[in-house]
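Student: Heads up: the protein sequence lines correspond to chains A and B, in order.
Take the first sequence: its position 54, counting from 1, is numbered 54 in our numbering, and each next residue is one higher.
Take the second sequence: its position 96, counting from 1, is numbered 96 in our numbering, and each next residue is one higher.
These are calculated hints, taken from the structure and not from any lab test.
Be a bit skeptical, because a hint or two may be false.
As the list claims (entries may be wrong) - Below 25 Å or equal to it, Euclidean Cα-Cα: the simulated PhoX-like pairs (lysine-lysine) are: (1) Lys11/B to Lys57/B; (2) Lys63/A to Lys42/A; (3) Lys79/A to Lys63/A; (4) Lys102/A to Lys42/A; (5) Lys11/B to Lys42/A; (6) Lys57/B to Lys102/A; (7) Lys57/B to Lys71/B; (8) Lys42/A to Lys14/B; (9) Lys57/A to Lys68/A.
Keep in mind that this is a model prediction, so the values were computed, not measured.
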Amino acid sequence: EDQVTQSPEALRLQEGESSSLNCSYTVSGLRGLFWYRQDPGKGPEFLFTLYSAGEEKEKERLKATLTKKESFLHITAPKPEDSATYLCAARGSGNTPLVFGKGTRLSVIA
Amino acid sequence: DTGVSQDPRHKITKRGQNVTFRCDPISEHNRLYWYRQTLGQGPEFLTYFQNEAQLEKSRLLSDRFSAERPKGSFSTLEIQRTEQGDSAMYLCASSPGDFYEQYFGPGTRLTVT
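Working from the sequences, and respecting the hints, build out all of it.
Tutor: Given below as structure tokens:
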């Protein structure tokens with residue numbers, strides 16, 4: 001059964017303090033690894049898609065990387081507006097659905 | 001591109017009542033997905049459509065749940081005889097095809113009292 005595990009569950013950072021969020025996945029034949037941001041009471045907002053090990057994507061203070069077993073979301077010099085829950089999801093081959101982790105709740109304190 | 005929209009945004013109902021939610025996907029997207037999300041959890045897949053065909057249903061989707069996508073445009077999700085355990089955020093997403101990123105709507109928050 002496909003599984004996605006995210007760590008830590010919650011992370012509190014000072015403004016400017018860089019860190020990384022981890023996403024470990026177990027899927028048969030990875031066909032895509034997706035990162036989303038979710039603000040309270042809203043739907044997930046798409047951030048990145050990664051398709052193969054070694055791939056990297058960047059957007060402002062965020063950079064996503066992918067290995068054969070894990071993905072990392074690196075946050076450089078975060079600001080309070082980066083506070084949100086970050087969700088990781090993986091899609092395997094065949095007719096399997098997108099499987100989400102429980103997310104990491106990030107709080108950035110000014 | 002106006003994004004995915006959902007209606008209503010909030011619904012409070014009494015146990016045993018039927019409710020229906022609507023989702024309007026991004027217009028050129030042929031895939032439409034329904035998810036359920038509870039507090040502290042990630043979205044859980046319920047079902048998806050390719051155009052008007054419903055291709056997959058999760059075992060989470062009991063007989064009280066039914067979804068339609070007439071003419072391959074908007075979709076509805078109906079829950080019959082609601083139970084307190086149905087209280088959750090119901091999310092709709094659309095994508096231009098298989099293995100592409102999915103774009104989510106704002107969700108419908110259901111509270112069953």
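Student: Regarding the pair Lys57/A and Lys68/A, is the alpha-carbon distance no greater than 25 Å?
Tutor: Holds, at roughly 16 Å.
Student: Is it true that the CA of Lys63/A sits at most 25 Å from the CA of Lys42/A?
Tutor: 23 Å, holds
Student: Between Lys57/B and Lys102/A, does the CA-CA distance stay at or below 25 Å?
Tutor: 21 Å, holds
Student: Run the distance test for Lys11/B versus Lys57/B: straight-line Cα separation, threshold 25 Å.
Tutor: The given pair, whose Cα atoms are some 24 Å apart, holds under the 25 Å limit.
Student: Are the Cα positions of Lys57/B and Lys71/B separated by 25 Å at most?
Tutor: Holds, because 19 Å separates the two Cα atoms, which is no more than 25 Å.
Student: Would the pair Lys42/A and Lys14/B pass a check requiring their Cα atoms to be no farther apart than 25 Å?
Tutor: 24 Å, holds
Student: Check whether the Cα positions of Lys11/B and Lys42/A lie no farther apart than 25 Å.
Tutor: Roughly 15 Å separates the two Cα atoms, so the pair holds.
Student: Would you check the hint for Lys79/A and Lys63/A, treating anything up to 25 Å between C-alpha atoms as holding?
Tutor: 15 Å, holds
Student: Would the hint linking Lys102/A and Lys42/A be met if the CA-CA limit is 25 Å?
Tutor: 15 Å, holds
The earlier numbered hints are all upheld by this structure, with none contradicted.
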